[in-house]
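**Student:** If you read the sequence shown in this note's numbering, its first letter stands for residue 253, the second for the next number, and so on.
Honestly, the hints are just simulated from the structure, not real lab data. Values in this document were obtained by computation on a predicted structure and should not be read as measured data. Ideal Cβ placement from N, Cα and C applies to all residues, glycine included. Be aware that a few hints might be false.
DMTMM-like cross-link-like pairs, simulated, lysine to aspartate or glutamate; straight-line CA separation at most 25 Å [to be verified]:
no., residue 1, residue 2
1, K289, E262
2, K438, D413
3, K301, E262
4, K254, E298
Restraint ranges, calculated between C-beta atoms of paired labels, are given here [what the hints assert, rightly or not]:
no., residue 1, residue 2, range
5, L294, I412, 51 to 59 Å
6, I412, V435, 27 to 35 Å
7, K289, Q259, 14 to 22 Å
8, L309, G288, 19 to 27 Å
9, K414, L294, 27 to 35 Å
10, K410, T433, 32 to 40 Å
11, S283, V316, 21 to 29 Å
12, S290, F425, 52 to 60 Å
13, G317, Q269, 28 to 36 Å
14, S290, K414, 54 to 62 Å
15, D427, S283, 55 to 63 Å
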Amino acid sequence: MKDRIRQIMEGQHLTQQSFAQMTQISTPTLSNILTGKSRATLNTVELIKRKFPLISLDWLLYGVGPMYIHDGAAPTPSDATSGSGSAARHEPTDMALDFSDDDSAEVASSPQSASAASLSAHSSSQPSSAYPSGSLFDQPVSHSVNPTRKNIAQTEVKYIDKPQRKITEIRIFYDDQTWETFVPKK
Numbered sequence: 253m254k255d256r257i258r259q260i261m262e263g264q265h266l267t268q269q270s271f272a273q274m275t276q277i278s279t280p281t282l283s284n285i286l287t288g289k290s291r292a293t294l295n296t297v298e299l300i301k302r303k304f305p306l307i308s309l310d311w312l313l314y315g316v317g318p319m320y321i322h323d324g325a326a327p328t329p330s331d332a333t334s335g336s337g338s339a340a341r342h343e344p345t346d347m348a349l350d351f352s353d354d355d356s357a358e359v360a361s362s363p364q365s366a367s368a369a370s371l372s373a374h375s376s377s378q379p380s381s382a383y384p385s386g387s388l389f390d391q392p393v394s395h396s397v398n399p400t401r402k403n404i405a406q407t408e409v410k411y412i413d414k415p416q417r418k419i420t421e422i423r424i425f426y427d428d429q430t431w432e433t434f435v436p437k438k
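I would like the entire structure built from these sequences, with the hints used as guidance.
**Tutor:** Encoded structure:
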């Protein structure tokens, strides 16, 4: 991921300091990520995604797919840094994807309608045959192989006959530098 973060910085012609300032990631954190001393956290990824909404999360996290979500050109640094006007700013819209089993992904206009569409799609669909039903531990027993008894380690406790210890003397020391000795009767 550090190479992809570096690629974003180079694509935007930003130094490490300016990229950290722009994304609100602390400079030491970014430095540790880029040198490999630490890994990017979820907070770091969210800050990058918030500032560069056209960056594909699949590409950023896993290196899969194109760098940008749309086929359009990469946003210029002036677009990403300018705060004036909605045309210059790339703000994420309030849209959610429908993750139904259908091959086509539909975009819903609000999270509520997306979750409702997703729930209705899942309630009407049958479980996929790609995933076997039943428990993971319900595996067929092969009759051609004789089951063997597992070797269970047994611990043996050995009691060694030791003579019982007896008290020979008890000493009590006092704070005035004196002591008493007690010896049991035999």
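**Student:** Quick one: which hint numbers does this structure break? Sort them smallest to largest.
**Tutor:** 9
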